[in-house]
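Engineer: Below, each chain spelled out in residue letters.
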Amino acid sequence: MPLTHLQQLEAESIHIMREVVAEAEKPVMLYSIGKDSSVMLHLAMKAFYPAKPRFPLLHVDTTWKFREMYEFRDRMAKEKGIELLVHVNQEGLRMGIDPFVHGSSVHTDVMKTQSLKQALDAHGFDVVLAGARRDEEKSRAKERIFSLRSAQHRWDPKNQRPEVWRVYNCRKQPGQSIRVFPLSNWTEGDVWEYIDRENVPVVPLYFAKLRPVVERDGALILVDDDRMPLYAGEAPTMRMVRFRTLGCYPLTGAMESTADTVPAIVQEMRRARTSERQGRIIDHDSTGSMERKKQEGYF
Amino acid sequence: MPSRRLLRFITCGSVDDGKSTLIGRLLYEGNLIFDDQRAALEADSRKVGTQGGDLDFALLLDGLMAEREQAITIDVAYRFFSTATRTFIVADTPGHEQYTRNMITGASTADAAILLVDATRGLVTQTRRHSYLAWLLGIRHVVLAVNKMDLVDYAQARFAAIEAAYRAFAAQIGLPHICCIPVSALKGDNVLTPSARMAWYDGPTLLGHLETIDVDSASLEGAPFRVPVQWVNRPHADFRGFTGMVVSGTIHPGDRVRVQPSGRESRVARIVGYEADLDRAVAGQSVTLTLADEVDVSRGDVICSAESPAAVADQFEATIVWMSDQPMLPGRPYWLKIGARTVTGTISHLKHRVNVNTLEHLAAKRLQLNEIGVCNLAVDRPIAFDPYRDNRDTGGFILIDRVSNDTVGAGLLHFALRRSQNIHWQPTDIGKEARSVQKGQKACVLWFTGLSGAGKSTIANLVDRQLYVRGLHTYLLDGDNVRHGLNRDLGFTDEDRVENIRRVAEVAKLMVDAGLIVLVSFISPFRAERTMARELVGADEFIEIFVDAPLAVAESRDPKGLYRKARLGQLQNFTGIDSPYERPEDPEIRIDTTSTTAESAAARIIAFLEDRTTAPGR
Ligand SMILES: Nc1nc2c(ncn2[C@@H]2O[C@H](COP(=O)(O)OP(=O)(O)O)[C@@H](O)[C@H]2O)c(=O)[nH]1
Chain A
55 MPLTHLQQLE AESIHIMREV VAEAEKPVML YSIGKDSSVM LHLAMKAFYP
105 AKPRFPLLHV DTTWKFREMY EFRDRMAKEK GIELLVHVNQ EGLRMGIDPF
155 VHGSSVHTDV MKTQSLKQAL DAHGFDVVLA GARRDEEKSR AKERIFSLRS
205 AQHRWDPKNQ RPEVWRVYNC RKQPGQSIRV FPLSNWTEGD VWEYIDRENV
255 PVVPLYFAKL RPVVERDGAL ILVDDDRMPL YAGEAPTMRM VRFRTLGCYP
305 LTGAMESTAD TVPAIVQEMR RARTSERQGR IIDHDSTGSM ERKKQEGYF
Chain B
-12 MPSRRLLRFI TCGSVDDGKS TLIGRLLYEG NLIFDDQRAA LEADSRKVGT
38 QGGDLDFALL LDGLMAEREQ AITIDVAYRF FSTATRTFIV ADTPGHEQYT
88 RNMITGASTA DAAILLVDAT RGLVTQTRRH SYLAWLLGIR HVVLAVNKMD
138 LVDYAQARFA AIEAAYRAFA AQIGLPHICC IPVSALKGDN VLTPSARMAW
188 YDGPTLLGHL ETIDVDSASL EGAPFRVPVQ WVNRPHADFR GFTGMVVSGT
238 IHPGDRVRVQ PSGRESRVAR IVGYEADLDR AVAGQSVTLT LADEVDVSRG
288 DVICSAESPA AVADQFEATI VWMSDQPMLP GRPYWLKIGA RTVTGTISHL
338 KHRVNVNTLE HLAAKRLQLN EIGVCNLAVD RPIAFDPYRD NRDTGGFILI
388 DRVSNDTVGA GLLHFALRRS QNIHWQPTDI GKEARSVQKG QKACVLWFTG
438 LSGAGKSTIA NLVDRQLYVR GLHTYLLDGD NVRHGLNRDL GFTDEDRVEN
488 IRRVAEVAKL MVDAGLIVLV SFISPFRAER TMARELVGAD EFIEIFVDAP
538 LAVAESRDPK GLYRKARLGQ LQNFTGIDSP YERPEDPEIR IDTTSTTAES
588 AAARIIAFLE DRTTAPGR
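Going down the list, the sequences are from chains A and B. Okay, so the first sequence: first residue is 55 according to the working numbering, each after it adds one. Okay, so the second sequence: first residue is -12 according to the working numbering, each after it adds one.
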């Protein structure tokens, strides 16, 4: 029996993670609590079994994630017995960065991009595993699995190393770092099929449920805590919704759905007519915005 | 969901053959483009499109801002789609800039290649080039998509002529499985649905064919077993698991294995699984194996079937594809990574370069960006390998520049050179230690590097005299003198400079073995070669002395009048003028000749040697 595509993708991802651990001086895995992170964590558990994964998890926390995400994060770290590092940009906190007030670009830049750089510099991580996929966005489609970053964390799309066969070049100059994307070749559909096949735990927000939301600028925003200001005429209503991607709650739109199990989500995915980034307010700014963010050091 | 299999393919074609249109149509008609992406595409097509209001699929594919601004495609892009029976990963390689480098990246993991030709133009040079690269990398399935059939009135004769010409060419290079399909990417004929306008064609549609290509996993599973060991898993003293991907073959607990290059044998005890152990593992799986015996296995070793293990050698014939702006220089050491092993590799002899358009063999001294050559290759210790034709994973390697750490080349091993198997280092009864002791000294190399006119020879001579007076046994190798004899055949091009240093380093090494203190006074401008000399001699016995003089100072001294000639253009490749000098980053001794006399420099070096001889543990 030839391997199925999920088995092949799994084997490739595990191979990549082991290569990182064998060659990196100080590796870390970014853990953003979403479905891709869940799958990465599961793959890492498999890759190093019976040992634990040979790197800590790093959550770059904006303090604006959904409450259920924080609960899930802490439960996972405990259950899996892996060290979890949480980094918050303290300067951003002092500045009182608020996505409702400052908008998505400023919030993302200060609390995610800058914060990530701070955390990587502070710990001296030289190789960073992250769960980005090539099907997510056009500039990602052209990024290598092992992606070199300058000492300033910049990505230079015009000067990427050729990546041949399964032989990855993990060498770098002092100060440079490498971002590694073990899920490069997975699609959103693959991720859900794998979650289904392997019973990978994910944040319950992915499943449809009656939740209090307000409709704002065409997006359904979950009223997750009392930091959310309600404008004139806005009142939360209970709607059957779920999330296709998870991020900061003020910047993440819910979708109407009745899919409350993984198989139902897989079904829904197959009929989907919009891409998963639709719900992410961060991308709507302008075409090329992701590429620009990545050049500046964002994932 | 029925389990689907994966097909990785690459698309190639020259500019305007319709590659973007074709891929766009595959994704678009297969309902693989989402509404929001389509809306963005429509907006972009109106704004910057080149199709006069129609959807410009190229925009869907050219993702980078830089590409849109310059209307070129820079890099390989990966696309994903799936049908009921298969999932596809498409490596879309741009047709122009950096072509070879991009195509190698995309093709190295591909099972199949789609080559596009424009029916109005027929086969072009690029078609041959892409076919050659596909063949070189061992892609077994090639689809020739004859596009723009609408522009030739869907004429069977036109298609038949192109097909015949291509089959003749493919037979010449030895491409195995070829399928030719007439299509119109623009109108959709034979892409997803059979064309009513080409009733004369009774073959599969493009997608239909892609769905049925046999990726030969059976033969890969039937091939000899290989696992390049990535990482040894030792959570506690009672468990030693060897992790890696099964790159070929099949394994069961109890099977006999041989670990290469050491040649030690054992049996597989367990195939460790996350939930339960496995009773079998096949090519393509990442595994953790334990062995029945305590054998020494480390990262980079290859666990092989005991009956047909990988071969072991340290000299090879190989094809190299060069992918860096800096040329490949024979003699220069590079990091060579094959599987999970990294060694030092040197091109000992470049046999010829291949003109990828005509397949001609051309004489060459170096390889430039995107050039391909066949060479002899030496590595610094024996490695396990298979010919690339038999196994991509144990026969393919990358070359990494030792200074920049960039990936500069990809290579394919063909076979081991006989001399590698038959010549062994002959151990002599009296060794370096004994010879050194007899002379009452510690053998070493003093490597003087610096610009012409920096003062290397003056200082080296002073040191040599003083050591001699103390009754020590020395020899001074001077650049100019060696070029009169041993290196008489070498000039001053980059490749000759590399070879010049390699020979001198080898001579110095023999002299150290003879117990001598060797003074080498060579400009030795390149960091890579000084590193090579250091490794050849042994870091403990290599003392790098940087005789530092600013160019202006060296030039004003100009003891041999060479700078003047170089400035007048009468001397080519002169270090400092039109050939670079790479300053040492971390020399044992740096002499600033603008503030030190030759005498005090010599005294410093002597003092350094005295410290070294009396230092504890020496
Ligand atoms: N008539 C015709 N034109 C085509 C066909 N396929 C592509 N083209 C046109 O050829 C031009 C180049 O196509 P494009 O897909 O951008 O080529 P690429 O450079 O290979 O990606 C465009 O004007 C397309 O509309 C075809 O099947 N028939």
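Bear in mind the hints are in silico, worked out from the structure with no lab data behind them. The reader is advised that the hints may include incorrect statements.
[As the list claims (entries may be wrong)] Label-pair distances were calculated between CB atoms; the ranges are:
#	chain 1	residue 1	chain 2	residue 2	range
1	A	M294	B	R(-8)	31 to 41 Å
2	A	D314	B	F226	50 to 60 Å
3	B	W187	A	Q230	55 to 65 Å
4	A	K263	B	E198	48 to 58 Å
[Stated by the list, open to error] Computed far set for chain A versus chain B, every beta-carbon distance over 12 Å:
#	residue
5	P56
6	I70
7	M99
8	P104
9	K132
10	Q144
11	R187
12	R215
13	V221
14	E247
15	D279
16	G287
17	D314
Yeah, the Cβ is synthetic: ideal placement off N, Cα and C, and Gly gets one too.
Engineer: Does each hint fit the structure? Answer for all of them.
Structural biologist: Evaluated hints:
Roughly 36 Å separates the CB atoms of A/M294 and B/R(-8), a value that falls within the hinted 31 to 41 Å. With their beta carbons about 41 Å apart, A/D314 and B/F226 fall outside the hinted range of 50 to 60 Å. Hint check: B/W187 to A/Q230, Cβ distance near 58 Å, so the stated range 55 to 65 Å holds. The beta-carbon spacing between A/K263 and B/E198, approximately 39 Å, falls outside the hinted interval of 48 to 58 Å.
Look at A/P56: its CB is around 4 Å from the nearest CB on chain B, not clear of 12 Å, so calling it non-interface is violated. A beta-carbon of chain B is positioned within 12 Å of the beta-carbon of A/I70; the least distance is around 9 Å. With a least beta-carbon separation of about 7 Å from chain B, A/M99 fails to lie farther than 12 Å from that chain, contradicting its non-interface assignment. Listed as a non-interface residue, A/P104 fails to keep its Cβ farther than 12 Å from every Cβ of chain B; the least gap is roughly 5 Å.
With 12 Å as the threshold on Cβ separation, the claim that A/K132 sits away from chain B holds: the shortest Cβ distance comes to roughly 19 Å. With 12 Å as the threshold on Cβ separation, the claim that A/Q144 sits away from chain B holds: the shortest Cβ distance comes to roughly 33 Å. Distance check on A/R187: its Cβ comes as close as 9 Å (rounded) to a Cβ of chain B, failing to clear the 12 Å threshold; non-interface status is violated. In this structure A/R215 is not separated from chain B by more than 12 Å, as the shortest Cβ-Cβ distance comes to only about 4 Å.
Not every Cβ of chain B is farther than 12 Å from the Cβ of A/V221; the closest lies at roughly 5 Å, contradicting the non-interface assignment. Once the 12 Å rule is applied to beta carbons, A/E247 is inconsistent with being away from chain B; the minimum gap is 6 Å. Non-interface status of A/D279 relative to chain B is upheld: no Cβ of that chain comes within 12 Å, the nearest being about 29 Å off. With a closest Cβ-Cβ approach of about 27 Å to chain B, A/G287 is found to remain outside the 12 Å limit, as its non-interface label requires.
No Cβ of chain B comes within 12 Å of the Cβ of A/D314; the nearest lies about 19 Å off, and the non-interface call holds.
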